[in-house]
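For reference, the chains in residue letters:
2 protein chains.
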Amino acid sequence: MDTEVQETYQEKAIMQLQADADKIAQLIKVQMDHLTMPQCPLYEEVLDTQMYGLSREIDFAVKLGLIERERGKNILSVLEKEMNILHELSIKK
Amino acid sequence: MDTEVQETYQEKAIMQLQADADKIAQLIKVQMDHLTMPQCPLYEEVLDTQMYGLSREIDFAVKLGLIERERGKNILSVLEKEMNILHELSIKK
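Residue numbers (this note's numbering), protein chains in the order written: chain C, 1009 to 1101; chain S, 1009 to 1101.
One chain only, chain C, in its complex shape (with noise of 0.2 angstroms):
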């Protein structure tokens, strides 16, 4: 393979990823900002869904070769370790 252009998808495919990973964890930091608000509690299901369908997307893009399978788990559980903290201060509220 052409080693220019597969790096082309390649980079495509990461800074797509990391865009959408971005609009979660801006869900998850404003959600953090209004804990002493009214909570909504539809917001771990908006979440749960938005994970659901990032992991698709980097199950689709590691299966194509498009991206290591290493680098989609960790953009995932950088996500997961932010929930987790949003879960254990929406607790304690």
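Heads up, some of the hints might be wrong.
Because identical chains share one entry, a pair is satisfied inside a single copy or across any pair of copies.
Said to hold, decoys possible - Calculated cross-link-like contacts (lysine to aspartate or glutamate; reagent style DMTMM-like; alpha-carbon spacing at most 25 angstroms):
1. K1071 / E1096
2. K1071 / D1056
3. K1089 / E1012
4. K1100 / D1056
5. K1071 / E1012
6. K1089 / E1052
7. K1037 / E1076
8. K1020 / D1067
9. K1071 / E1015
10. K1031 / D1056
Keep in mind the hints are simulated off the structure, nothing from the lab.
Since the structure of chain C is already known, use the hints to place chain S on it.
What follows is chain S alone, placed relative to chain C:
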């Protein structure tokens, strides 16, 4: 871009998306074959979740330029038609 390499990724993408669509079609078929049996209320939710996952994969592939938007829409609309038939059959039951 090198046309040959581009096609390799595009072919991989369409094959993977079609394989995932086939899995959903299979789920729908299994459910149709069991319409006379006690219905599992979760099947619609399972199908919705799978459809959402597939739509995220398709969006991702479209954004990367791996498949055309129309082609992606077609994959989803074929499945949606089958789901509608299934839904109508299960109401009449």
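Tested hints:
1. For the homomeric pair K1071 and E1096, neither the shortest alpha-carbon distance inside one copy (34 angstroms) nor that between copies (35 angstroms) is at most 25 angstroms.
2. Taking the closest pair of Cα atoms, K1071 and D1056 come within 25 angstroms of each other both inside a single copy (22 angstroms) and across two copies (23 angstroms).
3. In this assembly of identical chains, the alpha carbons of K1089 and E1012 never lie at most 25 angstroms apart, being 35 angstroms within a copy and 41 angstroms across copies at closest.
4. In this assembly of identical chains, the alpha carbons of K1100 and D1056 lie at most 25 angstroms apart only when taken from the same copy (21 angstroms versus 33 angstroms across copies).
5. For a Cα distance limit of 25 angstroms, the shortest separation of K1071 from E1012 qualifies both inside one copy, at 20 angstroms, and across copies, at 19 angstroms.
6. Only within a single protomer do K1089 and E1052 lie at most 25 angstroms apart by alpha-carbon distance; the minimum there is 14 angstroms, versus 31 angstroms between protomers.
7. In the homo-oligomer, the alpha carbons of K1037 and E1076 never lie at most 25 angstroms apart, since the shortest distance is 27 angstroms inside one protomer and 34 angstroms across protomers.
8. Taking CA atoms no more than 25 angstroms apart as the test, K1020 paired with D1067 passes in both settings, with 15 angstroms inside one copy and 13 angstroms between copies.
9. Taking CA atoms no more than 25 angstroms apart as the test, K1071 paired with E1015 passes in both settings, with 16 angstroms inside one copy and 16 angstroms between copies.
10. Taking the shortest alpha-carbon separations for K1031 and D1056, both the intra-copy value of 13 angstroms and the inter-copy value of 22 angstroms come in at or below 25 angstroms.
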